[in-house]
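Going line by line, the protein sequences match chains A and W. Taking the numbering used here, the leading residue of the first sequence gets 1, the next gets one more, and so forth. Taking the numbering used here, the leading residue of the second sequence gets 1, the next gets one more, and so forth.
The hints are simulated quantities; they were obtained by calculation from the structure and are not laboratory data. Please note: incorrect hints may appear among the correct ones.
Here are the computed lysine to aspartate or glutamate pairs in the EDC-like style, where the Cα-Cα straight-line distance is at most 20 Å [claimed, not checked]: (1) A:K50 with A:D64; (2) W:K61 with A:E34; (3) A:K4 with A:E17; (4) W:K73 with A:D58; (5) A:K21 with A:D64; (6) A:K22 with A:E34; (7) A:K50 with W:D68; (8) A:K21 with W:D105.
Every beta carbon over 10 Å from chain W, so not counted as near; a handful from chain A, in silico [unchecked claim]: (9) E7; (10) Y12; (11) Q16; (12) Y38; (13) I56; (14) D58; (15) L59.
Glycine included, C-beta positions come from ideal geometry on N, C-alpha and C.
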Amino acid sequence: MITKIKEYRARYSLTQEELAKKVGVRRETIVFLEQGKYNPSLRLAHDIAKALHAPIEDLFIFEDDEPEPDHRVVLID
Amino acid sequence: MMTRLRWKLLFGGCMTIAGGLLLLICNWMTQFRNIVLLSGALIPMGLMLIVLSLITTWYEKKADVIDDERTLKIRAHTYMKAFSFSITFAIVLSVLIYSKVLVMDAGSAIMAIFFTMILSSSLLYWYYNRQGDINGE
């Protein structure tokens with residue numbers, strides 16, 4: 001799992017400690033989340049997304065996620 | 001955090017009181033001399049539990065450490081694994097004792113299982129905490 005928490009945190013000049021306090025977890029949990037070592041619950045993911053004003057799918061990216069299928073219709077003469 | 005402290009203090013207090021009571025009973029019932037050993041172990045263990053839990057709580061309060069979903073998940077998984085490991089250890093130990101490969105009395109066997117549980121839970125908690133998650137990638 002890849003997370004963009006660090007990037008979003010930097011955008012809002014938040015430290016790990018501040019983000020941890022905002023979402024009610026330990027600082028180590030934020031560290032492990034940023035390293036992609038911890039899979040958070042939906043509740044925590046939602047709280048972090050809310051604290052960082054970002055959509056969940058932007059913050060957490062799973063490596064085995066398949067790319068979105070291309071549904072565009074191409075018109076051929 | 002406070003509920004856990006209360007339980008630890010209660011448990012430690014009960015152990016110390018039980019040790020003290022056993023020591024008193026032992027004076028009346030001279031035929032149970034092993035009680036002295038048991039109470040001699042219970043009192044320091046109970047007192048140690050009280051002191052350690054007070055120190056840990058003071059440190060956690062000072063460092064503003066909270067139990068979050070990650071630590072609770074790790075703790076639950078750790079206890080489950082440590083319990084399964086101890087049960088397996090108890091089965092192996094009983095097989096060894098009944099097949100007379102190992103000579104051990106019941107008290108020592110119970111203590112060995114008890115310490116296996118404590119040691120395995122401590123080691124597993126340290127390992128999972130270091131990994132970050134119970135299925136660390």
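Hint by hint, here is what the structure shows:
1. A:K50 with A:D64: Status violated; Cα separation ~25 Å.
2. W:K61 with A:E34: Given that 20 Å is the threshold and the Cα spacing comes to 26 Å, the pair is violated.
3. A:K4 with A:E17: 17 Å, holds
4. W:K73 with A:D58: 25 Å, violated
5. A:K21 with A:D64: 31 Å, violated
6. A:K22 with A:E34: Within the cut-off at roughly 16 Å; holds.
7. A:K50 with W:D68: Roughly 18 Å between the alpha carbons, so the hint for K50 of chain A and D68 of chain W holds.
8. A:K21 with W:D105: Not OK: K21 of chain A and D105 of chain W at ~52 Å, beyond 20 Å, violated.
9. E7: 20 Å, holds
10. Y12: 21 Å, holds
11. Q16: Per Cβ check, Q16 of chain A is outside 10 Å of chain W; nearest 13 Å; holds.
12. Y38: Violated, since 5 Å does not exceed 10 Å.
13. I56: 16 Å, holds
14. D58: Holds: least Cβ distance 20 Å, greater than 10 Å.
15. L59: 17 Å, holds
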